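Participant: Each chain is listed here by its residues.
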Amino acid sequence: MAERLHLVIAGHVDHGKSTVVGRLLADTGSLPDGKLEQVRALCARTARPFEYAFLLDALKEERAQGITIDTARVFFRTPRRDCIILDAPGHVEFLKNMVTGASRAEAALLVIDAREGVRENTRRHGYLAAMLGIRQLAVVVNKMDLVEWDHDVFGRIVTEYRAFLRAAGVEPLRFIPACARDGDNLATRSSRMPWYDGPTVLEQIESFEPASQPVARPFRMPVQDVYKFTERGDDRRIVAGTIESGAVAVGDELAFYPSGKRAKIRSLETFGRTAPAGAVAGQAIGFTLDQQLYLSRGELATRAADLRPEVTSRIRASIFWLGHAPLAPGKDYVLRLGTARAPMRVETIHQVLDADTLDASGVPVTAEVVGRHRVADVTLQLGKAIAFDLADDVAATGRFVVVDDYEIRGGGIVRAALPDRQAWARDKVLLRNWKWEPSFISADRRAERTGQAPLLLLLTGPADGGAARKQVARELEARLFARGLQVYFLGIGNVLYGVDADLARRREARAEHMRRLAEVAHLMLDAGTVLVVTAAELAREDLDVIGTGVAPERIHTAWVGGAVTTDLMVDSHLPGDGAVEALERVVEERSAPPPLRPSARLTPCVLWFTGLSGAGKSTVADRVADELRRRGHSVERLDGDTVRGMFPGTGFSREERNEHVRRIGFLASTLERHGVFVVASFISPYREGRDFVRGLCRRFVEVFVDTPLEECERRDVKGLYARARRGEVPQFTGVSDPYEPPMAPELTIDTTSLTADGAAQQVFEYLWRHARQ
Amino acid sequence: MDHLDQLEARSIHILREAYAAFPRLCMLWSIGKDSTVLLALARRAFFGHVPFPLVHIDTSFKIPEMITYRDRLVREWGLQLIVGQNREALEAKRTFPDGAVDRIACCRLLKTQPLVQTLSGEGERSRLDLRTGALVPDPDREPYTGVIVGARADEEGSRSKERYFSARGTASQWDIAEQPPEFWNQYKVDFAPGTHVRIHPLLDWTELNIWEYIARERIPTVSLYYDQGNGTRYRSLGCGPCTSPIASTARTPEEIVLELATGQLRNVAERSGRAQDKEDGGGLETLRREGYM
Chain A
9 MAERLHLVIA GHVDHGKSTV VGRLLADTGS LPDGKLEQVR ALCARTARPF EYAFLLDALK
69 EERAQGITID TARVFFRTPR RDCIILDAPG HVEFLKNMVT GASRAEAALL VIDAREGVRE
129 NTRRHGYLAA MLGIRQLAVV VNKMDLVEWD HDVFGRIVTE YRAFLRAAGV EPLRFIPACA
189 RDGDNLATRS SRMPWYDGPT VLEQIESFEP ASQPVARPFR MPVQDVYKFT ERGDDRRIVA
249 GTIESGAVAV GDELAFYPSG KRAKIRSLET FGRTAPAGAV AGQAIGFTLD QQLYLSRGEL
309 ATRAADLRPE VTSRIRASIF WLGHAPLAPG KDYVLRLGTA RAPMRVETIH QVLDADTLDA
369 SGVPVTAEVV GRHRVADVTL QLGKAIAFDL ADDVAATGRF VVVDDYEIRG GGIVRAALPD
429 RQAWARDKVL LRNWKWEPSF ISADRRAERT GQAPLLLLLT GPADGGAARK QVARELEARL
489 FARGLQVYFL GIGNVLYGVD ADLARRREAR AEHMRRLAEV AHLMLDAGTV LVVTAAELAR
549 EDLDVIGTGV APERIHTAWV GGAVTTDLMV DSHLPGDGAV EALERVVEER SAPPPLRPSA
609 RLTPCVLWFT GLSGAGKSTV ADRVADELRR RGHSVERLDG DTVRGMFPGT GFSREERNEH
669 VRRIGFLAST LERHGVFVVA SFISPYREGR DFVRGLCRRF VEVFVDTPLE ECERRDVKGL
729 YARARRGEVP QFTGVSDPYE PPMAPELTID TTSLTADGAA QQVFEYLWRH ARQ
Chain B
45 MDHLDQLEAR SIHILREAYA AFPRLCMLWS IGKDSTVLLA LARRAFFGHV PFPLVHIDTS
105 FKIPEMITYR DRLVREWGLQ LIVGQNREAL EAKRTFPDGA VDRIACCRLL KTQPLVQTLS
165 GEGERSRLDL RTGALVPDPD REPYTGVIVG ARADEEGSRS KERYFSARGT ASQWDIAEQP
225 PEFWNQYKVD FAPGTHVRIH PLLDWTELNI WEYIARERIP TVSLYYDQGN GTRYRSLGCG
285 PCTSPIASTA RTPEEIVLEL ATGQLRNVAE RSGRAQDKED GGGLETLRRE GYM
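One line per chain: the protein sequences are A and B, in this order.
Every position in the first sequence, counted from 1, becomes a number in this note's numbering once 8 is added.
Every position in the second sequence, counted from 1, becomes a number in this note's numbering once 44 is added.
Hints are computed from structural coordinates only; laboratory data are not their basis.
Bear in mind the structure is a predicted one, so any value in this text is a computation, not a measurement.
No residue lacks a Cβ here, since even glycine has one placed at the ideal position from N, Cα and C.
Do not take every clue at face value.
To spell it out: a stretch of chain A is covered by chain B in this simulated footprint if at least three of its residues, at any positions, have a beta carbon under 8 Å from a beta carbon of chain B; those stretches are [unchecked claim]:
(1) 290–303
(2) 404–410
(3) 630–641
In silico DMTMM-like links for lysine to aspartate or glutamate, alpha-carbon gap of 25 Å or less [unchecked claim]:
(4) A:K436 to A:D510
(5) A:K236 to B:E120
(6) A:K339 to B:D234
(7) A:K43 to B:E303
(8) A:K443 to A:D552
(9) A:K392 to B:D234
(10) A:K339 to A:D428
Next comes chain B alone, as it looks inside the complex (with noise of 0.2 Å):
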């Protein structure tokens, strides 16, 4: 086994806890990179289906390629696709693109809310109808005590504080100084009523290690992780407004592997193209513990 079965091995074995211990298990997929690689995991954990839904939070400022690649995955592989949104916020424009609102507020009224309120039933679901490709709402409204998230360690500070199985009290809130402890294989998937536990099967992968398994598995991403031709490439994927790319002339992830394994970027933050972590001085720290991803 290489490091790259290793790591595949350990998350398959934690997503298989996940789906045993939580009827109620849904997955974040921001369809970046990171939970993209966790979607192709799910599908070798489970010899090809995905036995739970999948929850994006739609900003309505995603990368419009961001939105077709997702619906064209969702139908491809047969997924289910929850989605959530903040309807009242876009409506009364109470957002950092309409000049309203700072950039964290706006992350915490696009995205943290709905994420917290489309998990516990009391936000508004949408369900993609896999025969019209259309949005309809969803009738289930059962809050989902299980999460999947592709969160990794090297990410940025507040993320390497994180369990493979991490608490969320009632109101979504991390306690970061009162985390049980994991012994051996053994994880926290017993909770009391009202709270929720988050899964991160890619704690322990690297961004070097995501885009060598893309490359290996031959994964399907977003085109806007390579560049098109004007020498600069996404690096982290967010909404239009706060995110911008960086400057490299990679077209493939095999092309990335490399521009990452020779260090060319060993000085720029892999966020570094997030105007919102800027903002919230120690990283994302204050989002994080609100319930953000």
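Just chain A, with the same shape it has in the complex (with noise of 0.2 Å):
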């Protein structure tokens, strides 16, 4: 098999790009046969000359305009090769495209039109060509037919050229003269042009190298995902990513960052073929560690023993700019890196570099803002540190792009990364998290028994408002408690005058007051809790140094009172009424476990519908198990009736409604352990009862249909209490035998506020919550 090449096509709009490659398609016996009289054919029905570039103008719309719109790939294959021609745009518009086109190239073939010589886009394309990272970078000096095969143009072009180029930072590989209308030079050697001696075009592309991946270079990793699907009895947890440099093995210790926690490969993982014991960049993979390490995307994963990455929240950059409006100061932006994402701000612009004139002598201009189409050199703030390196050392990780308004609107380059204020905090948090015993208890295990994910909620505000934030922070938590969440309040105070009893209350210290909290909300966090922390008049470099400790992810800010007299950008700014809502809203959303995807799947388990007759628990466990089933669950749908019937014998008596209720309880554990859902609805009256089966299932999900007593009878559609009523029917519950409600159900259902459909979704939402596969 021939190797594969992917070659980007660049210049000057109008220098001849297109005819270059339709020409090889044609002269390499590329085209399929017919394609070529069928675009004679369409030019001369369209009474237009034949040109060699019809050929890749595969869109109606763009033989209209009669430029090339998009990186189209042609697919070309030499004895040698097999190419994959990215054939990017001349159009100034277009740049994009050509951006597109030469991020994914190995070699590139920049084309000039022998008359109009060196232009604007030919700069600008050779500059873009080197900063993506091109190293093999040959040009066609086209068009030679028009300067009469003359060899003093071309030598000036050459000398022009190869100047520009060499301050960008490439060394050109070759220069050909060529003129691809007629097929000089492109597979076959010219004749008008003697003077000429090195390689043809398709020579030039066949002795270029298919890029090497750079498996001697420090391992690096950004981590894509973390993933465990429960599935059929899978518990791996699975670390996935594509390796962009160096290699790693089974039982190589990785240090990941920014977080700086450490662990050691045990496995990895593949499906469908023997795990290898390693694997080198340019591989996707996955891996299982040693410790369970709470991980997430955007961390980078590198080995221990390899060069260090750079962990900072500042960086200096040279920065490409495609967006419309300009790149300002000021502005919030989203930059990636990696698997990485962070918010952006420029700091300053040193200057800007504008391809046009850049050559030896061009001077670089100062500038407020970054145009389009422009270079710059740049400082950038990012919102949190992330990890990277410097492009020089790893290509890969030491370049971004920077998303504005939902699109990538430019990308650059790291050329230093810069300390930022955090930097003492951050080297302390690094040594803890590679010193960190995890529990034995993992992160997922917790969340899921709590059914929450944990989160710092940092309630600041005016520095008089203390004693309103604290009712806030009071009412909130005693909320989220009684809604069954791990809360806990903790007041400034308990830090200041505890954790903090040796240091002075002074300015200076503020700084390592804030790690130290940060520290304390870091333990609690880890044991899974949603904190409420008060505190006056927090700053953003407070927060920047408690973003060290804490993921800033699982941090929330809410400013509590009047206007905000710091310069924090608070997540939420709560200046009246409502704050307690508004905050319990926050933890509902930020502390849930992710949204449910539409193929989740669930963990098998007994739920069980208890309450008094004509309560509605078979119409909603009716609904439950319907819903179930379409999700393609095993389900047994247990009720009172049918399983009666099956023991005609069963009296009312406490002891028989008991024995009855184990009855089914035993079957529905046996149904439970292989797998079924079991959706059961009785009335089970008795605590004793319902807590017997509790003890054999695995997971018992108590759902108390909670209908009043008046309710029911007023429904009555069995006509039963009527008959109760009557005394026709003895020992009946609610009327004459007590209904003792569930003293801890998982969940309440009211069903005179809610209808059948709204009760089921409950019901999912808790299965959501808390038997996620």
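Bring the two chains, given one by one in their own frames, into a single complex with the hints.
Facilitator: Written as structure tokens, this is what we have:
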């Protein structure tokens, strides 16, 4: 099999790129038979002279406009190479397509019109190719026929453009004089330029080297995701990503940044193949670790033995801007590097380079903003620290894009890592995370039990608002607690006089106070808690320090009270009434496990609906069972009438009723063990009966259908209440026999305010939180 | 790493990026060779699991073997299948086989329209009940915001202009001239409300690569792709009335690889058996701009 090469073709508009490609396709026999004739015929019909460029213009619209719109991929074969030509456009409006093409290319062919010479886009494309990391670059000086095959014209272009490319940081491999229209020096040697004895364009393409993966460099793998697919008993927790550089093997100690957490690789995971012992750059892999680390997308996996990546929130970079709106200081952007993502602002624009005039004598200019298609040297400030490398050390983890308004608007490479103000605290956190002994209970299992993700709620506000703030915090704590959340209120005073007792209460010590607060919060979040902290007048700098010790995505800030008096960018501003409710919603949203994917599966359990006769147990249970079946689960629906039909002798005394429930409980627990969802609806009036069943089952979800007696009696679907009142039905629950409501049901449903669908929905919400696989 | 390993690695990377970026993710499965390779790649990317539903648009005119094969694979691999269909048009017999409309209009009615509506949730979705094998209504009507598609750049003209991650507007339309750049491994994963992103992990694969991979990985494919003894086989699968087989005696993936590698089909376009392409002048452009795969 021939090696595959990605090649980008660029150059100024009308200099003949598409003709070069079209001609190469035709001359190497890479076109399907008849295609050439078809395009010739089309040209004849539309009364236009035939051009090889038309072969590429696959879309109607393009032919109309006469320019190539997008990075078309052209598959083309030489005896030695499988080529994908990424045909980049020459029109200035479409530069982003050139970037797309060049980003994937291993080599570039730049086309210059011999008569027009080096033009604006010739320079710009050359500069971009260099910046995007293309090291193999050849130049085709086309349309030599128009300059009478003049060696001197060719020589002048070579001198001028070689100097420009050198300034941009790339040494061109070759300049080839050609006439693409006639095929001179394309696939066959031209007899019209005897002074040239170098390779043809085709020979040059064949001599480009397909990129080799940087296997011998430091190991780098941006974490794409951590997978836990528990379907069919799969309990692996797999860290997944693509190796950008270096190599790794089972047993290697990894260090993840920016967190600094460490663990060894236990296994490399695959599907349908034998698990390998090692992997190298270019491979998309997955591995398990010997320790349960809490890791998320955006961490950079490195080998502890390799070069340590940079971790900071300030970088110096070269950036290329494509947005219509200029890149400007003071505006909020998002930076994406590897799989990390951080809010970004421009701190300083050091200089803007105009790619048009960048040559040996080019003088860079300073500017307030970076305009479209400009290259600039900038310092960027990130909303949180990320891990990366300098582009010169590890290319793949030293480049980034900038997103504005949902679109990628620019790209850049990292020139330097700059210190930020949290560096002192970060060093401590990196060490803490390295030495951290994880709990034997994983964060997943904790979240499974509590149905919540840990969250730090920072309530701040004006200096004189302390009492109101604490009132909100207390009320919030009480409400969340009542809803079953694991929540804790921590006043800053508790830290000041305890953990911070050795610190003087001076301004200089403020940062250290914040660092210690963060450490306390980190402990409590590690235990799975929703932590509510109050502190007066928190500023941006305070949050930056806290964000170093606690993952920023786990923090929510709220300003309780009037106008914000510090430079803090708060997540919510709560000036008046309704603060508690608003915060309750925040917690509901942010501490909830991620939203259910359409494919998420649930762990089978026993759903036990209890309540009075006529409460609505069966109606809700039926809907739940139907929906579970629709999701592909095995479901067994058990109800009182059916089971009593099988055991007609069972009476209604306390003893007989409990026996009835025990029988069902045994059956339900057996079914559950075999992976069946059991949806049971029984009056089951006595606590001891229900608790007995709870003891038998692995996962028992007691759903109390709490419909008041009066309402059940009003509904009286089967006419039983009327008969019971007349004394015709002895030992009737609620009338002549007690109903003992559950002390701590997993779920209580109020059917007076909910429809059956609403009630079923509530059950599913519970299952999504607690029984998601 | 050989060339198939490289293609595989990039596709897996793209699939994982899509899974991380789009909580409402699905994959279009036409039951053809390309989207089935995509399905096999997903199982590799997610270690034996396919953590999103597969969406199939059933025109009701698919060759019967395709549906049998579809349901068998879904049950064997424990997949989640969502089926969309334009029942209204079928009941009103507004189709090409019924003689009511031309081929392009039929594609629009039976494929593009139900596809767009199934993705947005406006149209009815059915789900294959893994227990009974029957199609039941799917209660989930939320729109899918990420849609994985098995389009390849070498297939026909308009597909060579695609990005790995390609934005579609609120009405699923494709604005070819205004596509954002893709720098290195960074794709368009941020999207405005009401829009969705199509993801093309197979963009760099050729028809030959697909068959090499099917042969290497022993991926089950529909028997229609192979000569069953009468000297013909399907090269591209679609609706019965608009798809015709080509002359070929290849009986296995290996024989197809040989057939393609030795250039025996060089002069025949891959979709030459697909009648609707010919009616759409410049390839599938018109249909694809409106949301066709």
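Participant: Hint by hint, say whether it matches the structure.
Facilitator: Status of the hints after comparison with the structure:
Restraint check on the region 290–303 of chain A versus chain B: 4 residues with Cβ-Cβ distances below 8 Å, three needed, restraint holds. Counting residues of the region 404–410 of chain A whose C-beta sits closer than 8 Å to any C-beta of chain B gives 4, which meets the bar of three, so the coverage hint holds. Judged by the Cβ-Cβ criterion of 8 Å, the region 630–641 of chain A is covered by chain B as claimed, because 4 of its residues qualify and three suffice. Taking the CA atoms of K436 of chain A and D510 of chain A, the gap is about 18 Å. The hint holds against a cut of 25 Å.
Note on K236 of chain A and E120 of chain B: the hinted pairing holds, with a Cα-Cα distance of about 21 Å set against a maximum of 25 Å. Restraint check for K339 of chain A and D234 of chain B: the C-alpha separation of about 18 Å stays at or below 25 Å, so the hint holds. For a cut-off of 25 Å, the pair hint linking K43 of chain A to E303 of chain B stands: about 21 Å separates their Cα positions. In summary, the hint linking K443 of chain A to D552 of chain A is supported, as the alpha carbons are separated by about 23 Å, within the 25 Å threshold.
Of the supplied pair hints, the one linking K392 of chain A and D234 of chain B holds, its CA atoms being roughly 19 Å apart against a limit of 25 Å. Proximity of K339 of chain A to D428 of chain A is assessed by CA-CA distance (about 20 Å); at most 25 Å being required, the pair is judged to hold.
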